[in-house]
Amino acid sequence: MLTEARSIRIKGRSFLAVVLTPDLPFEDWLVRLDDLAARSAGFFLGRPVVLDVSELSLDRAALKAMVAALGERGVRVMGIEGARPSQLDASMPPGMVGGRPAADVEMPAADGQAEAQKPSKAQPAEVREAAAPVVRAAPSSLVLHEPVRSGQSIVFPEGDVTVIGSIASGAEVIAGGSIHVYGALRGRALAGSIGNSAARIFCRKLEAELLAIDGIYKTADDLPAELRGQAAQLWLENDAIMASRLT
Amino acid sequence: MSVFDFFQKKKTAPVARERLQLLLAHERISPGSDLVSILREEILAVIAKHVEIEGDRLQIRIDRGENVSILEIDVEIPAKAARAA
Amino acid sequence: MGKVIVVTSGKGGVGKTTSTAALGAALAQRNEKVVVVDFDVGLRNLDLVMGAERRVVYDMINVIQGDAKLTQALIRDKRLETLFLLPASQTRDKDCLTEEGVERVIGELKKHFDWVICDSPAGIERGATLAMRHADIAVVVTNPEVSSVRDSDRIIGLLDAKTEKAERGERIEKHLLLTRYDVTRAERGDMLKVDDVLEILSIPLLGIIPESMDVLRASNLGAPVTLADQNSAPAKAYFEAVRRLNGEVLPVSIPGEKRGLFGKIFGRRAA
Numbered sequence: 568m569l570t571e572a573r574s575i576r577i578k579g580r581s582f583l584a585v586v587l588t589p590d591l592p593f594e595d596w597l598v599r600l601d602d603l604a605a606r607s608a609g610f611f612l613g614r615p616v617v618l619d620v621s622e623l624s625l626d627r628a629a630l631k632a633m634v635a636a637l638g639e640r641g642v643r644v645m646g647i648e649g650a651r652p653s654q655l656d657a658s659m660p661p662g663m664v665g666g667r668p669a670a671d672v673e674m675p676a677a678d679g680q681a682e683a684q685k686p687s688k689a690q691p692a693e694v695r696e697a698a699a700p701v702v703r704a705a706p707s708s709l710v711l712h713e714p715v716r717s718g719q720s721i722v723f724p725e726g727d728v729t730v731i732g733s734i735a736s737g738a739e740v741i742a743g744g745s746i747h748v749y750g751a752l753r754g755r756a757l758a759g760s761i762g763n764s765a766a767r768i769f770c771r772k773l774e775a776e777l778l779a780i781d782g783i784y785k786t787a788d789d790l791p792a793e794l795r796g797q798a799a800q801l802w803l804e805n806d807a808i809m810a811s812r813l814t
Numbered sequence: 017m018s019v020f021d022f023f024q025k026k027k028t029a030p031v032a033r034e035r036l037q038l039l040l041a042h043e044r045i046s047p048g049s050d051l052v053s054i055l056r057e058e059i060l061a062v063i064a065k066h067v068e069i070e071g072d073r074l075q076i077r078i079d080r081g082e083n084v085s086i087l088e089i090d091v092e093i094p095a096k097a098a099r100a101a
Numbered sequence: 099m100g101k102v103i104v105v106t107s108g109k110g111g112v113g114k115t116t117s118t119a120a121l122g123a124a125l126a127q128r129n130e131k132v133v134v135v136d137f138d139v140g141l142r143n144l145d146l147v148m149g150a151e152r153r154v155v156y157d158m159i160n161v162i163q164g165d166a167k168l169t170q171a172l173i174r175d176k177r178l179e180t181l182f183l184l185p186a187s188q189t190r191d192k193d194c195l196t197e198e199g200v201e202r203v204i205g206e207l208k209k210h211f212d213w214v215i216c217d218s219p220a221g222i223e224r225g226a227t228l229a230m231r232h233a234d235i236a237v238v239v240t241n242p243e244v245s246s247v248r249d250s251d252r253i254i255g256l257l258d259a260k261t262e263k264a265e266r267g268e269r270i271e272k273h274l275l276l277t278r279y280d281v282t283r284a285e286r287g288d289m290l291k292v293d294d295v296l297e298i299l300s301i302p303l304l305g306i307i308p309e310s311m312d313v314l315r316a317s318n319l320g321a322p323v324t325l326a327d328q329n330s331a332p333a334k335a336y337f338e339a340v341r342r343l344n345g346e347v348l349p350v351s352i353p354g355e356k357r358g359l360f361g362k363i364f365g366r367r368a369a
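Protein chains in written order, with my numbering: chain A, 568 to 814; chain B, 17 to 101; chain C, 99 to 369.
Among the hints, erroneous ones may be present.
[To be verified] Partial selection, computed: residues in chain C whose CB lies under 8 Å from chain A:
1) ARG177
2) GLY221
3) ASP251
4) ILE298
[What the hints assert, rightly or not] What the simulated footprint calls covered on chain B by chain C, stretch by stretch (three residues with Cβ under 8 Å from a Cβ of chain C suffice, anywhere in the stretch; the number is not a length):
5) 59–68
6) 78–92
Simulated from the structure, these hints should not be mistaken for laboratory data. Beta carbons: idealized from backbone N, C-alpha and C, even for Gly.
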């Protein structure tokens, strides 16, 4: 093992953000938002929100007013998607690019009790307390019976992804849980994407371009040479990606 | 049958060169000013002035040559089709 | 009702137009009624490979825009009477291709021909997606070379997403046509193996076309290779591919591996 000179640690981390896409007239949309907030008290409390204005043409003043109006309602805008640089200034939330679609966030039911359950397992409904609005879904998994082709992007934050086939170079799979590849992993695999450091990546042939677990990345160059082309599993230990051969 | 039977001793590159020279000579003329195309449009317009025909009854063929281009227009004119002037 | 084939690849220069012409002429020689359609607006080449470049009157965009009827735009091959060409426009661009227009044209062609073979342009933009939209069968042309393989993989992904068949939840029949297979490079181990390409792309193999001067010579003369020289290695491979398209099960022979057991033992010794 080579020792490295110390440098600051820069990591990546994925969060699942709620995206609000207002439509015009804004006042009418705000009325609908207030209605939603009334039905599910505290849904937006402490939750980072991204504002998507790609379909709107607003000037900077109007955008600022929109952010302020949301702030008054306890909706904290963490970033703005689809804005031109001229619409943003230093006092506003930063512009964001490269967001990938994820499953829609389920709104809790009006009575604040059982929240939406994913259908794959029978689990007792969790009673949600108004003060701790963390939505947890029952674990579920996605099984793909065909190879993932170059240019395709599979995003499944709800759980594990299993691919019966290969992940081609130029393709990517982003899973909230683990990723299992019964074939060659030639593209990108990002496991534990919503903050799950126990997620693992398994594959029959490791030729990946990029791997990540819970936001910690490893590119092809950093993978141990002796594992290339072998069956392997990868996991996270003390914020570092470990890899070993699967026999 | 093989085209190569005829071209057995000949090289194919000169044939390609001739074809290209001819083709590009026609294509380099700015679009629309190709004499054969202009003639085609004008002849069709003249025919339409005198005879009402369906699109299917009209066949146009072009063979652009080095020295001579041939424009063939085939029109089926129904016996009673002459338009009132 | 005819079948629509799209000949596509993603990568440019791998042999789509050559293959469209070769497969079209091979099918026409079996007395099938075939039309080959050029979708490369602005950079048409199918007319050149077919030797019809001097006879183009109207093109697909003229038909779509109503300037001409389909029958006026179709050019009959002088050598094979059941083979026709619908050329692309050289002076317009891809924006003139409309979805409704293409749908109408392909629909009409299907009524009159047994096979409608669409020569796709390179890339994944409008021309390529429109060419594949109405296909029943896709022939994915690939060179045994890394960029070509990756681009073909991308195109296969699009075939499963952007075609009408895919949108209806049906599977579009996909076949791999491996072209420009260089026997010398393969023997030296400098070329991706057929098995590697098949493993990566995971679609059935339609045929392997060897790299050959016959293809260049045929294109110089303006004839599909299956018409110019039926006994050449590429032509034979295309004829076999057509038999497989018609459902025959033929083992695919890898060019260059014709030597039998003795050939393998003695093959590498000096003569």
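Do the hints match the structure? See the list:
1. ARG177: Hint violated; ARG177/C Cβ to chain A Cβ min 39 Å, cut 8 Å.
2. GLY221: violated, 13 Å
3. ASP251: Given a least distance of 4 Å, the restraint on ASP251/C holds.
4. ILE298: For ILE298/C, the interface hint holds, since the closest Cβ of chain A sits about 7 Å away, which is under 8 Å.
5. 59–68: It is violated: at least three residues are needed, and the segment 59–68 of chain B offers just 0 whose Cβ sits closer than 8 Å to chain C.
6. 78–92: holds (count 4)
Hint violations for this structure: numbers 1, 2, 5, all remaining hints satisfied.
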